[in-house]
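Here is what each chain is made of, one letter per residue.
There are 4 protein chains.
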Amino acid sequence: MEDLFTLGKEILASQPFSVLIGAELLSFSQGYAELKIPIRPELKQQHGFVHGGVISYAVDNTLTFAGGSVLGTSVTTSEFKINYLRPAIGDFLVARAAVIHAGKSQAVCRCDVFVSKDGKESLCATSQGTITMLGQSSNTKA
Amino acid sequence: MEDLFTLGKEILASQPFSVLIGAELLSFSQGYAELKIPIRPELKQQHGFVHGGVISYAVDNTLTFAGGSVLGTSVTTSEFKINYLRPAIGDFLVARAAVIHAGKSQAVCRCDVFVSKDGKESLCATSQGTITMLGQSSNTKA
Amino acid sequence: MEDLFTLGKEILASQPFSVLIGAELLSFSQGYAELKIPIRPELKQQHGFVHGGVISYAVDNTLTFAGGSVLGTSVTTSEFKINYLRPAIGDFLVARAAVIHAGKSQAVCRCDVFVSKDGKESLCATSQGTITMLGQSSNTKA
Amino acid sequence: MEDLFTLGKEILASQPFSVLIGAELLSFSQGYAELKIPIRPELKQQHGFVHGGVISYAVDNTLTFAGGSVLGTSVTTSEFKINYLRPAIGDFLVARAAVIHAGKSQAVCRCDVFVSKDGKESLCATSQGTITMLGQSSNTKA
Chain A
5 MEDLFTLGKE
15 ILASQPFSVL
25 IGAELLSFSQ
35 GYAELKIPIR
45 PELKQQHGFV
55 HGGVISYAVD
65 NTLTFAGGSV
75 LGTSVTTSEF
85 KINYLRPAIG
95 DFLVARAAVI
105 HAGKSQAVCR
115 CDVFVSKDGK
125 ESLCATSQGT
135 ITMLGQSSNT
145 KA
Chain B
5 MEDLFTLGKE
15 ILASQPFSVL
25 IGAELLSFSQ
35 GYAELKIPIR
45 PELKQQHGFV
55 HGGVISYAVD
65 NTLTFAGGSV
75 LGTSVTTSEF
85 KINYLRPAIG
95 DFLVARAAVI
105 HAGKSQAVCR
115 CDVFVSKDGK
125 ESLCATSQGT
135 ITMLGQSSNT
145 KA
Chain C
5 MEDLFTLGKE
15 ILASQPFSVL
25 IGAELLSFSQ
35 GYAELKIPIR
45 PELKQQHGFV
55 HGGVISYAVD
65 NTLTFAGGSV
75 LGTSVTTSEF
85 KINYLRPAIG
95 DFLVARAAVI
105 HAGKSQAVCR
115 CDVFVSKDGK
125 ESLCATSQGT
135 ITMLGQSSNT
145 KA
Chain D
5 MEDLFTLGKE
15 ILASQPFSVL
25 IGAELLSFSQ
35 GYAELKIPIR
45 PELKQQHGFV
55 HGGVISYAVD
65 NTLTFAGGSV
75 LGTSVTTSEF
85 KINYLRPAIG
95 DFLVARAAVI
105 HAGKSQAVCR
115 CDVFVSKDGK
125 ESLCATSQGT
135 ITMLGQSSNT
145 KA
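Protein chains in written order, with our numbering: chain A, 5 to 146; chain B, 5 to 146; chain C, 5 to 146; chain D, 5 to 146.
Check each hint, because a few of them may be wrong.
Where chains are identical, the list cannot tell them apart; a pair therefore holds if satisfied intra-copy or between any two copies.
[Unchecked claim] In silico DSS-like links for lysine-lysine, alpha-carbon gap of 27 Å or less:
| no. | residue 1 | residue 2 |
| --- | --- | --- |
| 1 | 13 | 48 |
| 2 | 40 | 108 |
| 3 | 121 | 48 |
| 4 | 48 | 108 |
| 5 | 121 | 108 |
| 6 | 108 | 124 |
Hints listed in this document are in silico derivations from the structure and should not be mistaken for laboratory results.
Note that this is a predicted model, so its numbers are computed, not measured.
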């Protein structure tokens, strides 16, 4: 679906924080989104690993894209939960989110974040969360 | 505890991503941490609100500081859960985290994130998570 | 608010699983609910502690009551997150839930579960979750 | 692995609360566990659906079994997060949990709960959580 993918890239480009992070949309289709974040020194913590806040950004944004692909563009992340599995060291992160269940105004999605190093991927975080249509709730962040 | 506060500011300054975000440590004592993030255009999403990823960074880092204040500096966030409550529009964010329960190698902490606008604070996100000493588990991100 | 409390006790009595558990409503007012569960052998696991599933029941139900106190009786728990803090050994559990933020159709609530032994309370679990009005979403369990 | 399965059934039978619920172990192998709960009136809430507390019990216990299959029998659920997706109406629940990542003392697991009605399964809840070896942390419930 080239149109959805084009729309997704425009939305990502219109988010100043995503531009600051350097996020790129790899894939965006009905019920699925994939985000890539090249790892550079500014994204690290004091031990040289990718900062957990970068990984939680990836989760937040990729979940929202996945949910938005079925609910429309006017959505927000209501909540999510993340488990960090291993330190992220490598060349880039890839976050992959899929819709698990979609209702009229909410979608529950899952997102796994992988770190790619020398062409080999490792799972470094797993998460699940709820995406909500704006106007359906005042529990909204955007 | 000036020493702990000084140590905390050094740790924050040694995290390149925290420098990129512009986070400042307001308070750091046994069982408690407070982080401030001035809101600037680079931290926003497409509707002018603070990006959810900035708020999740604040949660991740403030939880880790709070847990580290009782477990030592070699800690990581194993997991957390965040609920976004309202869009963050204002002058700066303040994240306040406290230890709820500390064991030998783990601490469960809570973090509330407020947005301050014209001197008035509103709660914009609430979270809870687990901080783990490094070397106690291979579920580590840092 | 005696009327709300009376209504709450009727609702609890109409839940067969709450009757099986033996839950009692201690307090129910605008934005707040308190549930008591006497500890008896049937509620334990193999080491003599209260089973985690009893504690998660307490969280689920007390969160729903708290949310319902501000949203109306036709609500359900959309999601929650629980951290277990210590084994529950004692005479009875008390779960206390409060609304943190309420929107038009959702409320984010927090619930702490205490175990009381010989008149002394200890926090054994902490949780937060989202209560949603029925009909506002198809992500509903009831 | 018949031996692990036999051990699992013995553990389940030694949990009074699991006996009260009526849970049965369907499958138990390295990194995987499956629990069945026949739906009977005592497990319902006031609208005739399975009570959310029964589903959270299923999540708690099946996650613990999955984690225990790789960490040993002396484990506990440190924390979990559950999203309820649809009301559970039917003949029985099946909870399926798998280990996502195992470290030395912790395992992060995922659990999906399905309701089976007239031979057709529907996903009614999804969850993820952390299982911890006892003695590795004082954040333990059992």
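Right, here's what the structure says about each hint:
1. 13 <-> 48: both (25 Å within a copy, 17 Å between copies)
2. 40 <-> 108: neither (29 Å within a copy, 30 Å between copies)
3. 121 <-> 48: within (15 Å within a copy, 30 Å between copies)
4. 48 <-> 108: between (39 Å within a copy, 25 Å between copies)
5. 121 <-> 108: between (39 Å within a copy, 23 Å between copies)
6. 108 <-> 124: between (38 Å within a copy, 23 Å between copies)
The structure does not agree with numbered hint 2 stated previously, though it agrees with all others.
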